[in-house]
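Peer 1: Note that the protein sequences, when read in sequence, are chains X, G, C and R.
When the count follows the numbering used here, it moves up by one through the first sequence with no breaks and lands on 449 for the last residue.
When the count follows the numbering used here, it moves up by one through the second sequence with no breaks and lands on 449 for the last residue.
When the count follows the numbering used here, it moves up by one through the third sequence with no breaks and lands on 352 for the last residue.
When the count follows the numbering used here, it moves up by one through the fourth sequence with no breaks and lands on 352 for the last residue.
Any given hint could turn out to be false.
[What the hints assert, rightly or not] Per the computed footprint, the stretches of chain R lying under chain X, defined by three or more beta-carbons under 8 Å from a beta-carbon of chain X, are:
no., region
1, 109–122
2, 125–131
3, 164–172
[Said to hold, decoys possible] Subject to a maximum C-alpha distance of 25 Å in a straight line, what follows is the list of computed SDA-like cross-link-like pairs (lysine to any residue):
no., chain 1, residue 1, chain 2, residue 2
4, G, K39, C, R238
5, G, K399, G, E77
6, C, K285, G, T193
7, X, K399, X, V297
8, X, K399, X, D381
9, G, K39, G, M75
10, G, K39, C, E235
11, G, K39, C, R183
12, X, K429, G, A173
Please keep in mind that the hints were generated in silico from the structure rather than gathered at the bench.
Even for Gly, the Cβ is constructed at its ideal location relative to N, Cα and C.
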Amino acid sequence: MSTDDAHDPKFGEYGGQYVPEALMPAIEELADAYERYVLHNEDGFMDEFRSRLADFGGRPTPLQYADQLSERYDTDIYLKREDLLHGGAHKLNNALGQVLLAKYMGKERIIAETGAGQHGTATAMAAAHLDMPCEIYMGETDIARQRPNVFRMKINGSEVVPVTVGRGTLKEAISETMREWATTVENTHYVIGSVVGPHPFPKMVRDFHAVISEEAREQILEQTGELPSDVVACAGGGSNTMGAFAEFIADADVALHAVEAGGSALTVDEEEGVAPNSATLSTGDEGVLHGARTKLLQDSDGQIMESHSVSAGLDYAGVGPELAHLVDEGRVTPVNVDDDLALEAFHRLSQDEGIIPALETAHAFGYVEKYHDDLGDSVVVNVSGRGDKDLETVIEETTKRDLDIAPDMSILQQMGGSGL
Amino acid sequence: MSTDDAHDPKFGEYGGQYVPEALMPAIEELADAYERYVLHNEDGFMDEFRSRLADFGGRPTPLQYADQLSERYDTDIYLKREDLLHGGAHKLNNALGQVLLAKYMGKERIIAETGAGQHGTATAMAAAHLDMPCEIYMGETDIARQRPNVFRMKINGSEVVPVTVGRGTLKEAISETMREWATTVENTHYVIGSVVGPHPFPKMVRDFHAVISEEAREQILEQTGELPSDVVACAGGGSNTMGAFAEFIADADVALHAVEAGGSALTVDEEEGVAPNSATLSTGDEGVLHGARTKLLQDSDGQIMESHSVSAGLDYAGVGPELAHLVDEGRVTPVNVDDDLALEAFHRLSQDEGIIPALETAHAFGYVEKYHDDLGDSVVVNVSGRGDKDLETVIEETTKRDLDIAPDMSILQQMGGSGL
Amino acid sequence: MGLEAAFTDEPAFVPYLAAGDPNYEDSLAYVEALAEGGADAIELGLPFSEPIAEGTTIQNAIVRALESGMTVERYFDFVSELDVNVPLVCMTYYNLIYQYGSSEGPRDFVARSAEVGIDGFVVPDLPAEEAGPLREACDEFGLDLVFIVAPTTTPERLERMREHVSGYVYVQARLGVTGARDDVDDATEESLTRIADWDVPKAVGFGIKTGEHAERIVSAGADGVIVGSALVDIVAEGYEDGDPTDEIAARLEALARELKQGALRGAQERPQPERT
Amino acid sequence: MGLEAAFTDEPAFVPYLAAGDPNYEDSLAYVEALAEGGADAIELGLPFSEPIAEGTTIQNAIVRALESGMTVERYFDFVSELDVNVPLVCMTYYNLIYQYGSSEGPRDFVARSAEVGIDGFVVPDLPAEEAGPLREACDEFGLDLVFIVAPTTTPERLERMREHVSGYVYVQARLGVTGARDDVDDATEESLTRIADWDVPKAVGFGIKTGEHAERIVSAGADGVIVGSALVDIVAEGYEDGDPTDEIAARLEALARELKQGALRGAQERPQPERT
Ligand SMILES: Cc1ncc(COP(=O)(O)O)c(C=O)c1O
Ligand SMILES: Cc1ncc(COP(=O)(O)O)c(C=O)c1O
C-alpha cells in the first residue's frame, strides 16, 4: 500500500475536498480513521479486513491463464477473476472495508448511493455480514429498471430509499445521500461506491481495492517469473481500475490501460446536455464534481452532462481524481470501447472462456480484441464482475444489433416471449 | 479419495448398471477411464483437473465462521462457501471434471440434461472453457420457466435442445439424453449432473465433488484444531451432499445430516402419482431408476412419482445410491425441511450473514434452525450455491406466505409490477 | 408355450405395441389385429414412467397408455383378456417387475405373468450382470428371458448374455434410430455373425419399417424381425386424426401382413438356410 | 455596495430564490417581490446540475430552473435586468464558477459578476481550504465571499474560515432540515457564541419559516436571517396549482414582510444589543 501521499488530499491538481461545510468534520474524522486503521492497522483493522475478505469474500481470487484468448491473440492473457468475489464483482472489497471501518469508528448506521445497484448490493451484503443497519439511496427510475438488485438489497435486510427528485438516477441519488449524510454525520458513515468523492475517499477506496493488484502481481510473478507487459481494466468511477493498477504503478515498464465506455459515439449534444458515452478520461475536462476536482463530462457552462453506456456501471460523468492525474502524467493510457465492441467482447469471452462477464468488464476485453497488436506479451485483464445482472440488457441490445457472434436466441422466442 | 471400492458398481445393494445394452460399452469405457484418469491420475489428469478447478473455478472456497448464526444458535457454525465457485454452485466441480475427462478420453462432444438449468449452465461453462461442443437437453416446460439459465447456456455457446415429449421436464430430459447418448456413444460423453445414474457415475461424480470435504476437513482442523461435530448439506440427487460428506465418512464421530426437500407435505397422492415433496431418503423405497438401484418416490406399482419442492434443484424422485446405502447403514441421517422453513432460512441467512443462498441450500439452514439443539458444538454447513437464480421464485413464494421474516417488498410494487 | 417355438419352420415376425395405447379397449383390438396379420409372437409393452431406452415414438405411446389409466394390474387383465394365439413377451423396465407383489424381487411378477399367459420378458434396462434374480424366477416358472445384443456389445458381454438368454436374442440393428439401409444390413450381418453359434433364434429389430426391409434382414440371416415404431406410428396417427378403431386395426393388420411376407421372402433368398 | 452594509442599523432579512424558477420572467417578478417585502440582501441561486448541498425543495427548484433554460449567461442577464435596490449574493457551486470564461480559474466569473452588479458569493461546496483563488479574485474586484459555519465545524476550521470570510458569515442553524424549535435555538446560540468576536455580521439560516421563528433567531443574537425553502415552497406550490404570477409574487412579498418584521421584533428583545 502506498502511504507516501496519505495526508495530501490532492493528486496533482485533482482531488481535494469540495463538500458542504457540514460534512467537513465527518470527512476529517474519516481521514483520521483512514490513517489510523487503514494505514497504521490500529486495533488490527487491516488484519480483520483481510481475514474477512478471505473468508467471507473468497479472496484471493485466481489469476487464470486464458487458453483460448491467448491463442487467439498470440499473446499470454491472464484473467484476474474478481467476478468470483462474493456478490459477483470487485465492489465488495470496498464495501466490506468501509462498513468495517464504520464499525471501528463507532458509527451505528450505513448509508450508500447506488445507480445500477452493484455497489448497493455489495454494501447491503457487507452491512448484513457485519450487522449494521443500512439504507441505500436509489433513484426511482433506477429502482424500476434494476428490480433484481433492489430485491437483493432488500433481502439482505437493507432499506432502499427511493429518490424521486429530478430524473431519479445515480446523480440524484448521490446528492440525496450526501444531504442525508450531512444531517446524520455523527452516527452515520456514507459508503461511497468508487474512487471518487472528497478526500480521503479516493485513496481509501483505492487502498481497499489494491488487494487486486497486490495479489495479481504476486500471482503473475509466481506463474511466469516476470511482471506483465500490460494491465487492462475498465473504468467507470475507476475503483476496479485503481485496484488493478495500484501495485503496478511503481513498475514503470508495466503499461496500464483504463478502458472507458465509448457508448454510441464520442461526440456530445451540448444542447441537450447529453454525452452518448462516458469516456471521461478521453474526452472530459477538468472540473469539480461530487466533492473532488477531476475530469468531467460537462457542457461549456460547467453543467454536468448525462452520460450514456450500454453498461450501467460505467455510466458516470466523472472519474476518480487519481486516475485523472495518472492520465495527465502519462502513466495510465485512457482508451475507450464503444457499445458494439463491448457486446461482441461479452459474447466472445462467454463462448471462448466460459466466463460471462459484466458488461463493464466486457469493455476491457473489447479493447484487447481491437488493440492486441499494440499490447505486449503478457497481459493481465481485470475481470471486474460477472454478467448475470446484465442478461436482460444483453438480450435486448444484441437483438437490436444482429451481431455475428451472438448465439441464436430463437429458442427463447419459440417458447414464448422475448425477454427473460 | 477413497479408492477401496472403485471397481464395485454397488453400494451394498444399491447402485449397479441398469442401462440399455447399447450403453454398456460406453459405461465400461467410462469406468475404465475413471479408474485410469481419476483414480490413478494417468497423464496427470487429476493435476490438471485440480489446477483448473483452482484457476478457473476459484478453489479453494473458504470455510467461513458465521458470526451471527453462531451467536443465534450458541454453537460454532462454519459455512463451506461453494456459492463462491464459478457459476455460483458446487455443480462446476463435477461438470469440469467430466468435460475434462471426456477430453482425455478423446470424445469430441458433450451432452447433458438439465432441469432447473444449474447443471446445464455449469456444463456449458466447462465446455466453453475446454473448447468442447456441447448440447444440453432440457424439457420445454423447463425452458419456458428457466429463461435466464437457458440464456446463460446459449451465451456460453452450448446448444439447448428442447425436449417436447411428456411433461417436458427433467425426467423426460434425462430419458432423451440417455437415448441420444445410446445413439452417439462413440464420440460423445454424457455429463450426468449428480451422484446418480449407472456406475461409475455415482462414484466418479462423488470423487469430483470430494474436494469440498477435503478442503473443509483441512480448513476446520486448521481453524479449530478439531473435527466438526456435524456436517449438514442439502440433498437432491446428492452431489453436494456426497461432496461435503466424503472425507468425513471415516471420521465416525462426525454426524452427517442430509437435508431433503419436505415440500408442502410428506404424504403422497397415489392417484395422481404425485409426491408434494422430494424426501426420497426419508420416505422413498428401493427401486431402479435412471440406471441405478436406489431409494425412490414411486407408487405401489413402481411408477415414478412426480416430486415437488419450492427448490427446483432438489426436485427429483431419486437420490444417489451411495447416500441410500449410507442412510441404511446409519452413517448418514436423512432429515427434511418443508418449503416454509426453507424460505424462512433463505431470508435469515440473507439478512444475518449477507449471503443469499440458493433455495436448495436454504434447506440445510432450515434444518439447523429447527434442530440446532440436537447438533454438536461445531457444525459445518455446505453452502451449495447462491440464490440469484431464485429471486423470482422467492418473491412469489414469499408473497404467497406472508412470512414474518420477509422484507417489505412494497417498494417494488409501488414502482410498478410485482415480478422482477 | 415357449418363445423359441415361434421361430420354428419359418422366419418370425414379432411386432411390438404398448398395452393400453391409446386406451385399453382400442389397444386390445390393435394387438389382436397384429395376430390376425401374421405375428408369430408379440412384444407387449407394459408402460413405465421413465422409458429410458425408447425412441420418441414409443415414449409417446407409453405416455398415452399411462394417461389412459394403464397400471400393472390392468396390464395383467389386458393379457388375460387378449384373444390371440401366439406367444406373448412382456417388454417393460425392471422397476415394475421388481416392485410387484408383497415379497421383494421379481418372483411375484413372474408368477403372475405366468398365470395370465405371458411367455417371456424383454427388460431393456436389465443387463445380464443384474439379471440373476429374474433369470431364476423365469426358470422356476418356465418363462423365457430375452436379451438385447447391440452393435457395440463387447465379446465379454456377449458371453455373459449367452449364459442367461432364452427364447430368442434381440439383435439391435444399429445405434441410430433411422438411417441409410446399407448400414443396417452391414451392422446386422456383423452382429449375426458374432452370435451365429448361439442356440437361440436371432430376431433383429430397430428401425425396420417395411416388408422389403424385413426381407433384407431375414435374407441376411435373421430368424425373425421385431417391428415397433412403424406400428406405433399407425396407432399414433390414427389417434391424432380421430380415425375409427377398426380402420386403424385394419392398417395395422395390413402392415403386419406386409412385414410377415417380407420376412418369408427373405428366408427364400438366404444363401444357406441355417434352420428348417 | 458591500454586503456588510445590509446588516447595518437593523437585523437583516436575506431571502433565497433560484434564478429562473420556474422560468425567467416569473422569477424576475418573484425576486423583485422579495425586495418589495423588505429584503436587505438577496441570495440568488445560479442553478447547478448537481446541487449536493440542497434539500429536496431547493433541488426541485433548480431542476425547474434548468429545464426552463437557465444558463450561466442568462443568469448574468437576469441579474442585469433585475430591478432591486439591495445587495445580491450569487449562490452556486464551484464548477460553474471555475469553468466560466476563457482562462482557467474563477477570475472570469468574478469579473463578469462584478460587471452585472453582484456583490458576493456563497459557494456551498467550496470550503476555506480550496477557496484561495476565488478569494483572490473577489479581492481584486471588491466582492465578498461568504462562508457557512456548521454546528459541527471544528475550532481549527473556524480559524481558517475567519481568514477568508467577508460580507457576512452564514450560520447553519442545525444539521437536520426540520425539527423542534428549541434545538435550533440552542444550536444557534452556541454557534453564535463561538464566533461572537468575528468582525463580520452573522446571518442564521436553515429551516427558518415564519416571522416568529425569525424573531427568536435574532433575539438569540443573530444579525440576520436567511430564508430559502419556505419561499421556494410558495413558488413551487403556485407553479403546481397554476396560480397567476402576481398572486404568487404577492404571497412571497407577504411572507417576506412577516419575516422581516419578526427579525425586527427579535432585535428589540435582545438582552444586550451588540450592534446599533
Ligand atoms: C463489474 C463492474 N465493473 C466495473 C464497474 C465500474 O466501476 P469502477 O470503475 O469504480 O470499477 C462496475 C460498477 O458498477 C461494475 O459493477
Ligand atoms: C445450489 C444447489 N444445491 C444443491 C442442488 C441439489 O443437487 P445435489 O443434491 O446433487 O447437490 C442443486 C441442484 O441444482 C443446486 O443447484
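Peer 1: Does the structure break any of the earlier hints, and which numbers would those be?
Peer 2: 1, 5
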